[in-house]
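Asks: The residues making up each chain are set out below.
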Amino acid sequence: MKLTALLIAIEVGGTVAFAMSGLIEAMRKRMDVVGVFSVAFVAAFGGGTVRDLLLDRRPLFWVEHEAYLWLVFAMVITAPWWLKAVLKDAGVRLMEWADAFGLGLFAISGTSIAVAAGMSPGVSVLMGTTTAIVGGVARDVLCNEVPKVYQDHRPYALCAVAGSLAYIGLVVVLGLGSELASLAGIAVATGSRLLAVAFDWQLPGWRLPQK
Amino acid sequence: MKLTALLIAIEVGGTVAFAMSGLIEAMRKRMDVVGVFSVAFVAAFGGGTVRDLLLDRRPLFWVEHEAYLWLVFAMVITAPWWLKAVLKDAGVRLMEWADAFGLGLFAISGTSIAVAAGMSPGVSVLMGTTTAIVGGVARDVLCNEVPKVYQDHRPYALCAVAGSLAYIGLVVVLGLGSELASLAGIAVATGSRLLAVAFDWQLPGWRLPQK
Amino acid sequence: MKLTALLIAIEVGGTVAFAMSGLIEAMRKRMDVVGVFSVAFVAAFGGGTVRDLLLDRRPLFWVEHEAYLWLVFAMVITAPWWLKAVLKDAGVRLMEWADAFGLGLFAISGTSIAVAAGMSPGVSVLMGTTTAIVGGVARDVLCNEVPKVYQDHRPYALCAVAGSLAYIGLVVVLGLGSELASLAGIAVATGSRLLAVAFDWQLPGWRLPQK
Chain R
167 MKLTALLIAI EVGGTVAFAM SGLIEAMRKR MDVVGVFSVA FVAAFGGGTV RDLLLDRRPL
227 FWVEHEAYLW LVFAMVITAP WWLKAVLKDA GVRLMEWADA FGLGLFAISG TSIAVAAGMS
287 PGVSVLMGTT TAIVGGVARD VLCNEVPKVY QDHRPYALCA VAGSLAYIGL VVVLGLGSEL
347 ASLAGIAVAT GSRLLAVAFD WQLPGWRLPQ K
Chain V
167 MKLTALLIAI EVGGTVAFAM SGLIEAMRKR MDVVGVFSVA FVAAFGGGTV RDLLLDRRPL
227 FWVEHEAYLW LVFAMVITAP WWLKAVLKDA GVRLMEWADA FGLGLFAISG TSIAVAAGMS
287 PGVSVLMGTT TAIVGGVARD VLCNEVPKVY QDHRPYALCA VAGSLAYIGL VVVLGLGSEL
347 ASLAGIAVAT GSRLLAVAFD WQLPGWRLPQ K
Chain F
167 MKLTALLIAI EVGGTVAFAM SGLIEAMRKR MDVVGVFSVA FVAAFGGGTV RDLLLDRRPL
227 FWVEHEAYLW LVFAMVITAP WWLKAVLKDA GVRLMEWADA FGLGLFAISG TSIAVAAGMS
287 PGVSVLMGTT TAIVGGVARD VLCNEVPKVY QDHRPYALCA VAGSLAYIGL VVVLGLGSEL
347 ASLAGIAVAT GSRLLAVAFD WQLPGWRLPQ K
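Chains as they are written, first to last, in my numbering: chain R, 167 to 377; chain V, 167 to 377; chain F, 167 to 377.
Heads up, a few of these hints could be off.
Where chains are identical, the list cannot tell them apart; a pair therefore holds if satisfied intra-copy or between any two copies.
Calculated lysine to any residue pairs in the SDA-like style (CA-CA distance at most 20 angstroms, straight line) [to be verified]: (1) Lys314 - His231; (2) Lys314 - Arg196; (3) Lys195 - Leu369; (4) Lys195 - Pro370; (5) Lys195 - Arg223.
Derived by calculation from the structure, the hints in this document are not laboratory data.
What you are looking at is a predicted structure, and each value in this text was computed from that prediction instead of being measured.
Chain R extracted, bound-state conformation (with noise of 0.2 angstroms):
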C-alpha cells in the first residue's frame, strides 16, 4: 500500500515536470493559450498514449485517470502565479529533479505494462523508452525544433533503457514482485539521470565520416 502511495506521488511529479517543460517552450515560442495548453498536454501525456496505442490498451491512461488532465489544465491557468518562481535557480534545479523522477517513472510505467501484456523482454525495453521519450519529442516537433532529447548528448534516453533494463533483470530473471522492482528501476533510471545531470556526462556525437 505504501509502495503504490509513493508510486503515484512520483507520478504526480513526473506528470507536472513534464507538463512544465511544454509549457515553457510554448512560451518560449510566443504561443497563444491554446498553443501552451495543447504542447503542455502533449509534454506530459504523449509517451503514456502512444504507449497506450501500441499496446492497444483502452481505456487510456489520462481517460481511466481524469484527474492527471484537470492537474495539468489547473496547472496552465495558474502558471502566470508560480512560473516566475519556478524559473530561479532554485527552481530550474527542483524542475531537473522532478524530470528525472518523470523520466524513470514513466520509463518503469511502461516497462511494466509491457511485461504484463506479454511482450518480449527487447520489445518491453523499447515501449519503456518510448513511453519516457515521446512526450518530450513530440513536444519539440510542435515547436518545430529537432528534438532535444536527440541532440543533448547527455544520457537521457539511455538512463530509461537502463532502468527498463534492471526493471526486467529482476522480474524475469530473478522473479522479484512488481513493486518492488518498479521501485528499483526507477531508482536506476531517475539516479543515472541525477548524476548525469550533476557530473555532466557526455554522449560521444556520431559524426558521419568524410569521403
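Chain R is fixed; fit chains V and F onto it per the hints.
Replies: Frame of chain R, contents of chains V and F only:
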C-alpha cells in the same frame, strides 16, 4: 431526416475547407503532387483519424464513408482549374466561412462520438477540440511550421471548446436529443469563430516572465 | 515456399535501406546516439506501424517479427565500421536499389494486408502508399525538415501507387493468387522507381496561381 442532411452538408463543406487549407499550404512550400495530396488528406482527415484511434473506433470514418476520400481526391486533381478563383477576395471569405463550419462540425462530431462512447464531459470536450484542430496542426508540422492554431491569437480552438461545452450542457444536463444539440453546438462554435474573425478578437499572449 | 523466402529477402533489404536512410539523416543533423537510433527505427518501422494502427492489427509486425528490431539495432551499433564504405559511389547506388525494393515491398505489404482485412480497392491503395512513405516522412519531421518525398519531384509515392494498383488489378479483377500478385506489384513499384532514378524523371511542380 432534414437535420441529418444538413449535418452532412456541413461535413462536406468542412472537409473541403480543411483539405483546401492543406492544398494551399503545400503549394506555398512548392511541394510536388505527392506532397500536395498528402498534406490535403492529412489536413482533412487527420483530426477524425486521431479521434477514431484514441477511441478505438473501427472502421475509421474515411473507411466507412469512402466518398470523402474521393471528394478530396477530385478536389486536388482539379485544383489547377478552380484555385485561382478561390484565392480572390470573395474566395478567401468563402474559405473562412467553410473553415468555421468545419471547425464547428468536427468539434461536435468528436464530442458527440466521445459522449456516446461513455467518456466523461471533460474527456469529451478534449476529444472534440482534438478532432477540430489536429488536422491543421499536422498540416503545419508536415510543412515544417509552428502550428498556426497555436500562434493565431484569434480564438479558434476556444470556439471549438465553447461549442463542445454547449453540446454537453444540452445533452448531459438538459437531456436534449443529440441532433438538436449538435446543431446548437455547431452554431456556438462556428458562430463564435465567425465573430472572432469579423471583429478581430485577440487572445492574450503568454509571455515568459523576465528573471 | 521459394516465393516466401524471396519476399522475406526483399523485406530485409527494404528494412535495412530505410533504417540506413534514418541513420544517415540523423548523423547529418549531428544527433547523439539516441537520436540516431530513434530516427533509424522510425524510418524503418514507422510506415508499417501506422498501417497496423489504422487497421487495428495486433501484434504489431515488429512485435511479431522481433528479429527486425534486432537487425536494425545491430546495424546502427556497427555503423561506424561500415558506413564509410556505404557512402562511396557504389554504396550510394546500392542504397538507391535497396530503397526502391523497400518502397515496392512496403507498398505491396500494406496493400495486401488491407485487401485481406476487407478494405475497398481505394482504401487499400491508400494504405499501401501510406506504409511505403510514412517512415520517410516521420524521419524528416523528426529531423525538422520538410519531407523529402513531398518535394523530390522524382516519382516515388507514385511508384508505390502504381504497384498497389497492379496488385489489386491482378488479385481482385483477375483472381490471381496473392504471392504471384505481390511479386508483380513489387516489380511494378520497384521497377518504375529504378527507371525514375536512372532517367531522372520529373513530376510537374504545382504552383500557386498569381492573383
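Asks: May I ask which of the numbered hints given earlier this structure violates, with the numbers listed in increasing order?
Replies: 1, 5
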